[in-house]
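S.K.: Between the sequences and the hints, there should be enough to build the whole structure, so can you do that?
There are 2 protein chains.
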Amino acid sequence: MQYQAPVDDMMFLVKDVFKLTDRFAGIADFAEFDNDLYGAILEEAGKFATGVLQPINRSGDEEGCRLQDGVVTTPEGFKEAYQSYVEGGWQSITADPNYGGQGLPKALHVLIEEMFYSTNTSFCLYGSLTAGATQLLQAHGDEQMKEKYLPNLISGQWSGSMCLTEAHAGSDLGLLKTKATENDDGSYSLEGSKIFITGGEHDMAENIIHLVLARLPDAPEGPKGISCFIVPKFMVNDDGSIGERNAIRCGAIEHKMGIKASSTCVMNMDGAKGWLVGPPHQGLRCMFTMMNLERLSIGIQGIGLGEMSFQQATNYANERLQGRATDGEAPAPLKKHGDVQRMLNTMESFNKAGRALAVWLGSYLDIAFHSEDGDAVKKADIMSAWLTPIAKAYFTDAGYETCTIGQQVFGGHGYVREWGMEQHVRDCRIAQIYEGTNGIQALDLIGRKLIANKGEFLNVFLSEIKADLNRIDSSDHKHQVEELLTDLEELSQKIINESSNNPEIGQLVACDYLHYTALITYAYLWLKMESAANGTLDEKSSFFFKRVLARVLGLKASIESELS
Amino acid sequence: MQYQAPVDDMMFLVKDVFKLTDRFAGIADFAEFDNDLYGAILEEAGKFATGVLQPINRSGDEEGCRLQDGVVTTPEGFKEAYQSYVEGGWQSITADPNYGGQGLPKALHVLIEEMFYSTNTSFCLYGSLTAGATQLLQAHGDEQMKEKYLPNLISGQWSGSMCLTEAHAGSDLGLLKTKATENDDGSYSLEGSKIFITGGEHDMAENIIHLVLARLPDAPEGPKGISCFIVPKFMVNDDGSIGERNAIRCGAIEHKMGIKASSTCVMNMDGAKGWLVGPPHQGLRCMFTMMNLERLSIGIQGIGLGEMSFQQATNYANERLQGRATDGEAPAPLKKHGDVQRMLNTMESFNKAGRALAVWLGSYLDIAFHSEDGDAVKKADIMSAWLTPIAKAYFTDAGYETCTIGQQVFGGHGYVREWGMEQHVRDCRIAQIYEGTNGIQALDLIGRKLIANKGEFLNVFLSEIKADLNRIDSSDHKHQVEELLTDLEELSQKIINESSNNPEIGQLVACDYLHYTALITYAYLWLKMESAANGTLDEKSSFFFKRVLARVLGLKASIESELS
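Protein sequence lines, in the order shown, are assigned to chains A and B. Take 458 as the starting number for the first sequence in my numbering and just add one per residue. Take 458 as the starting number for the second sequence in my numbering and just add one per residue.
It should be emphasised that the hints constitute simulated quantities derived from the structure, not laboratory data. Do not take every clue at face value.
Intra- or inter-copy, both count: the list cannot distinguish identical chains.
Distance condition first, Cα-Cα at most 27 Å in a straight line; then the derived DSS-like pairs of lysine-lysine [said to hold, decoys possible]:
| no. | residue 1 | residue 2 |
| --- | --- | --- |
| 1 | K923 | K681 |
| 2 | K681 | K792 |
| 3 | K836 | K730 |
| 4 | K1003 | K681 |
| 5 | K792 | K472 |
| 6 | K997 | K951 |
| 7 | K636 | K951 |
M.R.: Dropping the structure here:
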């Protein structure tokens, strides 16, 4: 089944729900963008997703990546698709125009990312890591580095990788052992081995720019002794041409549950030459720069795959005849059975609210980065910090549930590879794990973002929503959202209070708290969409409020059971 | 990591929780069995699981089944393992001693099944289907058929398959098209094609006995025009020797998400010779005979895989050092982190309650089949009918969640194939789909078992529990269970009432109702286990009551939202 780019639904968010052009009024960098442009870009992105990415998605899963003599070959068609991707400018959407980027808002880019993840998650990862490397260099590289690497990373002609994880250092990067020693010429020599490196080696770009975390000889132990280095696969000569091969090589690729067309590499450095990015021992801080954007991107993987699974399940439920409907039709299409409706509605509930949160969060990242209004930037920074772990973890937890439901709609046909429904489940599963496991996201939310600042971020979040609720007419749903916000405030305060006597409390309830907060956020967003849709979304919104939102009761009780 | 057969936990259920020997007092067929025997059999089953089945589980997944020229080759080692399985008598545990079976209780067999599913789900399926065919023939075959086929099916020397599904007839078997026309000699000639036939063809047994659903020429349309036929792969001569090859052949095998070592076949019949089992047009009724047993068995797949995933996750959480614990230890084993404890506790909550329900339900199946007390049989029939859809659907839904959590504990290592955690997820996923999707189970529970008999089955279920609660000392948990039983009764009555005006209601709330009922059943079983354990299970039981059972609040609210 061909993917149908949901451009109308997306433009509804851009134009009617979040009114991006109004929201960005006063931001000089976006002054020339309007809804026509946004719509046109989304149309083109939809064509690229359907015409270029989807056709090589299942074949990419079947074929996978291959490693021979240190060379990784991507599946058939990937190299050509990547070439079109670069030529189409899809890597440079949000990047800095000073280095060849298009400077468009993240709030738009999240929608493009969704379409690409829908149609070929494995493919997207190469570009996602390149974007991460770009952002890090942009923020922490010196001017010479930026000039040398950024234009080719931004165009996608070169790709990037983030070399963080080691066999004994995953969630806890403080344990990493890779060593960097300074050479006479100011460069560094790196020794060590990294695992789970997405896009660490492949055949699609002419160079790969690795950002590597390592320890200097005088480094303190733990997370405060980690530095960041740029380690290109091929040296780049001063004239910009490709030079000699560097001693960073792929020793193995992982055999994984899914995203098989994405190369996941063991990268060995044997005297690889690198250059320090940012100050010594500040590597983890450098990583934090790109974290919000990368985590949002990985979250969107969950929405994209959920949407693809939903479209296929809807199509199948329309066509597959099975059983007797309550109106007597037999055999009736699956969609006439109430339990199948529940499944499709649940999927849509998650996808639409997730997409809205992606745009909302994207808009705060844009304000934080582009606005010149100091107060607005400060608020946007807080909102981004608060919403990012929610988006990453809940998009992907809900995405996995959604893909699993979509597979269930297909019955036995969902379990065989032919229909592609099981690939979505396998491809989605990793998004709950990498870029900080969803457990780590939950700890980030409740530890750093709630308890550590004694509810300050939560208050900003609540104020933003409450201010917006003033613009929405009174309704049952509005009343429900208001009550939930009060519940969230009270429960959060109890957790903060409890944490001073019981340091375990955050760990014990972290995941439930993240899901609880996410569902309340989704309720606000469904209300906001319903209100902007003039009645056309009432039924779908009601389903969410009746059937999905009910989960907050269990989550709240579960959290309260751990409070004294 | 080697599987640790949980024989002590199992014998705790057999001896202390359900007191099987007391429960079966008065059943002549079980008079000679005692706890020593049960314990010895479980010990042996554990050895077989660890020594024979587990070593070929991951290799079986990697290798898969292969089809060439109509011959299916199972992965290396499967044929030898099957031979040991037959020689060990593992196929014949519950079968009729008159035909070579051991006549042991199902309540014991469920525990053996769990161990085997834990260590090699693909392997188990061959025997599970053979058991289904055996039960059907035992109940509906004529004496000649029984003598001809049962001894070799019961020993496992021959295997069985159930040929139901066709491309356009899955959940709705009434749509099937395979035709059977009578031959002069009283046999039938079958034409048609079946899909998703587990064990339809393989190289482990010398003959395969297919039970095939087909239509006679004069058959009424729909489900009331389906007859059941026995169609052997090789004809069986009157002296019991193997005769000529029958015209039922494997045309293709499916490429699936998991259970790759289980052959899932397209079976084509081109004038295949068969014999009618049971009366004409009563094929679906014949299938119902074996349905409870088969559904329970498939449910246990969820518990078995959940247990294996739990053991591995626990082991990993003990050994993997990562992050700082709240007591300051760094790096600390994962198990010291509260969020990891939540994950492990959730897994154990589901596994232990599921295992208890399997034994409880198994004991009712035993009473229904073996007791000579008419009232006891009647009650046991109702309890089996009520509990079976709950067991099948909830064991597997919770099993999938459990395997997913286990994978999450491993972080990135859970996503790569090497550690085996992702295989459990893939292998478990099918159990929510086949043997009646979990949606079908939920409709069975709320439609046939609740609404159609106006709550009669529910009342028997409630009375059984209430009678047992009288034997349990008062406690907070007991009080909670009592309240939940009242809630369940009231909510069920509302659904029954509503259904007379709103025939959609069952479909709309079916899945939530099944989960709601299952969790309340688990609460009763946790209470019962806690009470039998003299304090040693209090902490684990409390976790279930505090953190997992809280979900009933959301489920209840979701159901109520659809009631007028």
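S.K.: Go through the copies and call it for K997 and K951: within, between, both or neither, with a Cα cutoff of 27 Å.
M.R.: between (33 Å within a copy, 25 Å between copies)
S.K.: How would you label the pair K836, K730 (within, between, both, or neither) given a Cα cut-off of 27 Å?
M.R.: Result: close neither inside a copy nor across copies, 41 Å intra and 77 Å inter.
S.K.: Between the shortest in-copy and the shortest cross-copy C-alpha distance, which are at most 27 Å for K1003 and K681: within, between, both, or neither?
M.R.: neither (48 Å within a copy, 39 Å between copies)
S.K.: Is it within, between, both or neither when you check K681 against K792 at 27 Å Cα-Cα?
M.R.: between (56 Å within a copy, 25 Å between copies)
S.K.: Checking K636 and K951: alpha-carbon separation at most 27 Å within a copy, between copies, both or neither?
M.R.: neither (44 Å within a copy, 68 Å between copies)
S.K.: Cα distance capped at 27 Å. Does K923 pair with K681 within a copy, between copies, both, or neither?
M.R.: neither (39 Å within a copy, 60 Å between copies)
S.K.: Please sort K792 with K472 into within, between, both or neither, judging by C-alpha distance up to 27 Å.
M.R.: neither (31 Å within a copy, 48 Å between copies)
Violated hints, in rising order: 1, 3, 4, 5 and 7; the structure is consistent with all others.
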